[in-house]
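Student: Next come the chains, spelled out residue by residue.
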Amino acid sequence: MTYVLHLAVMLGLYGMLAMSANITIGYGGLLSLATATFYGIGAYLYAWLSVTAGWPAATAFPATIAGGALAGGVFALATLRFRNETFTVATMAVQMVAFGVFYNWTAVTGGPYGFPDIVRPSLFGFVFESQTSFCAAVLALCLASCVLFRFFSRSRFALALRTLREDELAAASLGIAPNRTFAAALVLSAMLAATAGALFACYVSYVDPTGFAIGESVFILAMLIVGGSGNLKGPIIGAAILVALPEALRFTGLPADVAGPLREIIYGFLLIVLMYLKPKGLAGDYAIR
Amino acid sequence: MELLLQLVANGLVQGALVACLAAGFGIVYRSFRVFHVAMGAQFVVASYAFYAAAAIAKMPTAVAVAVALAASAAFAMLLEFAMYRPFAKRRCAGGATMIASLGVLIVTENVLAITFGNEVKTIPHAPYESTALGAVHLTSLQLWQFAVCAALFAVAGLVVARSRTGKACWALGDEPDLARALRLPLGRIRTAAMLLGALLVSVPALMVSADTGMDPHEGMRWLLVASMAAFFGGRDRYWGWGAGALALGLAQAAVVWRLPSQWADTVAFAMLLGVLAFRPRGLFGQARRAEEAA
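Those protein sequences? They're chains L and R, same order as listed.
Here the first sequence is numbered in my numbering, starting from 1 and rising by one per residue.
Here the second sequence is numbered in my numbering, starting from 1 and rising by one per residue.
Looking at chain R on its own, in the form it has when it is part of the complex:
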């Protein structure tokens, strides 16, 4: 029972991290209708910028975090102006844009592999102290991970739901041509969506890399984790993405309870896929008419 509680606590922490990632993936996906594969690139760019600032240039942590977030924002802008926007202007198909985005992920991870090497890199740090909450032990970093990511996810959700720009993002995803006809400031909306997406991906990326280190090829796994959580929760529902992330974190915890931990990803993905087969539009997805369904 204590083991289960501990695992549930770990699952909640994992769920909060994944919720931010799912939202970072989902906001770009929902606004641009582009399967944002380069989100994996965004993740590793943020991690390695953090590594370069904290471990190589030996900056204090707060400065290193700022540098990493700035680098991540710059990468997002590069991605938007050099790729997504030209592709959108040319009216390239969703699948074509997705494959180009996959190309970005491949190029990015290999540039990082040449620059920093293929092996796992860790940022040296003092051991994180462990805090006991009843029977559950969490490291101070885990508490930070949960608090920061849960808060970020909630605030970003309020921004998306309440702000004009957030609504415009959703509108852009639903009716791109209508959004143009209404003369919404598309450039600014797209920039805002990319930057918010980058922030939502980078914060958990930094917190994960501070904990377990990073390798250049982990982007694909995080992309799958984020997109699976978003689609599982319901791909048009911001709060659904959080539910999907929580389900994934708890499913992994449940697997580790009964099976060796290396099976966590494998069995958790299989479980989610099994459930999704019965609810193809996700837990909170809306039913659509056949000609709208996709």
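This is chain L alone, in the form it adopts within the complex:
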């Protein structure tokens, strides 16, 4: 049962991360490889606020989301000067810089030793201590994100983003401000990823930098590629498939040092084959350009 709950938590977290990347990549058409940066910022900021600064969860959570928004704004300033491949390189550089900071700023993040002793949050006196209650909280937040995402996807804002994605010059001539709209999308996406990061920090009670390297960003991108992007269901399907894949391999009885790389080999092949045969993914509306 704990195993099923663990899978459900992972699915909830990666569902949120995939949705976060979907705003930037699927709606904005900006191929970012920095999703894990905001995931990590959320995790470390929450850890620092709740453990080092001793804030209660009721203030630390909103503060983490606000911090994520701020980071997203800075990120937008640094990267929105670029488009296409140059944008992707810039996001990779940001991801590299963020990882360097997580890894080397030992005074705050604990560096390679990680940040221990993060406790489960409590709200109005109720502590989400048990696996069941925490899983319910994560799934509830993921569901809430889905509902919000549905509002987002039907809004003028999402329409503006999709227009920019299809033709930036034409969109600008219709009075859509490209950089302002993209920046809002990056901020929104960063807030969602930071929320997932804070939840992750509470869940595992210990964060270390390896979980927020560029490989994690690629993994989240792979969810959008496999499931598809530009709508609500694609990223969720992709997250479900890629979270389930290592579990399926677990039953083959391969040793861990083969099963781990094998999982990555399978999803690497999935990326190649899908990009050739089905660039919209299994259930997506947007084919990556």
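Where hints are given, some of them may not hold.
Derived DSSO-like pairs: lysine-lysine, alpha-carbon spacing no greater than 30 Å straight-line [claimed, not checked]:
1) 280(L) to 167(R)
2) 58(R) to 121(R)
3) 233(L) to 280(L)
4) 167(R) to 89(R)
5) 233(L) to 278(L)
6) 278(L) to 89(R)
Examples of chain L residues toward chain R, derived with CB under 8 Å [unchecked claim]:
7) 74
8) 78
9) 82
10) 88
11) 218
12) 225
13) 256
14) 258
15) 261
16) 272
17) 275
18) 289
Output of the computed footprint for chain R on chain L, the stretches with three or more beta carbons under 8 Å from beta carbons of chain R [said to hold, decoys possible]:
19) 92 to 98
20) 263 to 271
21) 276 to 288
To be clear, the hints were calculated from the coordinates, so they are not data collected in a lab.
Virtual Cβ for every residue (Gly too), placed ideally from N, Cα, C.
Starting from the known structure of chain L, arrange chain R on it as the hints suggest.
Tutor: Structure of chain R alone, referenced to chain L:
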């Protein structure tokens, strides 16, 4: 002051290595208009082929180098014929090809991880002797790295600038359809670009792995180093890529001068990104009209 000189010398060596990598990335990027993520795979394939030949099969160094270069060329051809060319024929979008190329990097590094293990592998060698140039000390390997890579970068640059094939590569990148209409031998041009790219990536790869060893997951870092240098210098300018590489090497040296060395990558990338924000097309990039800009 002596420390600074030493760091500048290290930065120049690093710059020469990165210049070759940036050119290896850039030639494929510039000719195919594909973000050549698999360049990272090319790097680790060359390194591990070298390792297998030199450390496992115990071949003499010259033979091992030849084996590694051959393996790297074979990998480049596999990449071209099994992936890039079919993708180009199908007219797949640049982003889609880039993600497939990312898939190649992921598959390659994990196949190597299963075959050789995840830990760092080094090639046993006698200690490299140190040479003093005034106040600066460089190992013999570092001198080789600088000389070979600088020469290779310069020669490849002349080939690209002067030869018909080199010009055709640039033309293919600018106007792929026009290149087809002019009946340029596209297959041969693409093969030449891939092979030259593979050579430019493999030589520094071998020299780095002979020095500090290799691990299967380092490809992504080298890809970022190479692409950052190429875009920083100006993505359409061959000599600009060299300038970008030099800037990156010297920026890393400048960081190490004042900060602990583990910050070198982090701060150097941040510095380059900061400068690039003011010159989005790179130091030597050309301005484009809005509808051409990308």
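Student: Would you mind marking each hint as holding or not holding in the structure?
Tutor: Do the hints match the structure? See the list:
no.: 1; hint: 280(L) to 167(R); verdict: 35 Å, violated
no.: 2; hint: 58(R) to 121(R); verdict: 15 Å, holds
no.: 3; hint: 233(L) to 280(L); verdict: 12 Å, holds
no.: 4; hint: 167(R) to 89(R); verdict: 22 Å, holds
no.: 5; hint: 233(L) to 278(L); verdict: 16 Å, holds
no.: 6; hint: 278(L) to 89(R); verdict: 15 Å, holds
no.: 7; hint: 74; verdict: 12 Å, violated
no.: 8; hint: 78; verdict: 6 Å, holds
no.: 9; hint: 82; verdict: 5 Å, holds
no.: 10; hint: 88; verdict: 7 Å, holds
no.: 11; hint: 218; verdict: 7 Å, holds
no.: 12; hint: 225; verdict: 6 Å, holds
no.: 13; hint: 256; verdict: 11 Å, violated
no.: 14; hint: 258; verdict: 6 Å, holds
no.: 15; hint: 261; verdict: 4 Å, holds
no.: 16; hint: 272; verdict: 4 Å, holds
no.: 17; hint: 275; verdict: 4 Å, holds
no.: 18; hint: 289; verdict: 4 Å, holds
no.: 19; hint: 92 to 98; verdict: holds (count 5)
no.: 20; hint: 263 to 271; verdict: holds (count 7)
no.: 21; hint: 276 to 288; verdict: holds (count 4)
In this structure, the hints that do not hold are numbers 1, 7 and 13, in rising order.
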